[in-house]
Amino acid sequence: YESTTFPGMNYVDYYALFTFDATWLLIQSLQQLCSLNSNSSACIQFLNNSFCFNKYFINSNKLFNLINNLDYFGVTGKIQFNQNQTDRIDGINYILKNIQIISNYLNFLPVLIWSSTTNWTLYSPTSLIIWPGNSLIIPSEYPSLSGIHLRIALVETPPFTMLTQQQQ
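So in our numbering, spot 85 of the sequence shown is number 85, and the numbers just go up one at a time.
Since the hints were made in silico from the structure, they are not lab data. Each hint should be verified, as a subset may be incorrect.
[To be verified] Label pairs and their computed distance ranges (CB to CB):
1. 26 x 138: 37 to 47 Å
2. 126 x 24: 15 to 25 Å
3. 130 x 26: 30 to 40 Å
4. 41 x 138: 33 to 43 Å
5. 15 x 70: 16 to 26 Å
6. 144 x 65: 42 to 52 Å
7. 60 x 126: 53 to 63 Å
8. 50 x 118: 40 to 50 Å
9. 80 x 149: 25 to 35 Å
In this text, all values refer to a predicted model and were calculated from it rather than measured experimentally. Even glycine gets a Cβ: it sits at the ideal position worked out from N, Cα and C.
Could you put together the complete structure from these sequences and hints?
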């Protein structure tokens, strides 16, 4: 999205974010499917074209396998599926953003990502943390937090936190 035209979270329906991720998943998987065929028009073919509910997508198994192998970060978090699960894999992620001045504007750029399976990793290979003084070197003259326990608050907001009741 373009940050200058984004209306803000208060004006976007939460389900629209999931719809965006689902649409992007379909676009990415269809692009991969069509890149596998030398004839790109043959990658999206249907049988029984007369009535929409009777249509059969010829390459449905290939598309399903491609969807199961996609792994990316959407607007609602990490998108990854598995044939043996009905929900997202590794659904809890935290993104650490660094405040950086770019073209005289403050920007919050993602630099690290945390998940329960990988712990902290670089958000992308080009992620850089800009330290005070516009430096890439970790400053040594600031107080150390070694041995100090911090309390970090996480605000639960839909769609990023979902609670369900389970009966035993």
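Against the structure, the hints:
1. 26 x 138: 37 to 47 Å: About 42 Å separates the Cβ atoms of residue 26 and residue 138, which means 37 to 47 Å holds.
2. 126 x 24: 15 to 25 Å: holds (22 Å)
3. 130 x 26: 30 to 40 Å: Between residue 130 and residue 26, where Cβ atoms are some 36 Å apart, the hint holds.
4. 41 x 138: 33 to 43 Å: violated (54 Å)
5. 15 x 70: 16 to 26 Å: Holds, at about 21 Å.
6. 144 x 65: 42 to 52 Å: holds (49 Å)
7. 60 x 126: 53 to 63 Å: violated (37 Å)
8. 50 x 118: 40 to 50 Å: Since the Cβ atoms of residue 50 and residue 118 sit about 49 Å apart, the hinted range of 40 to 50 Å holds.
9. 80 x 149: 25 to 35 Å: holds (32 Å)
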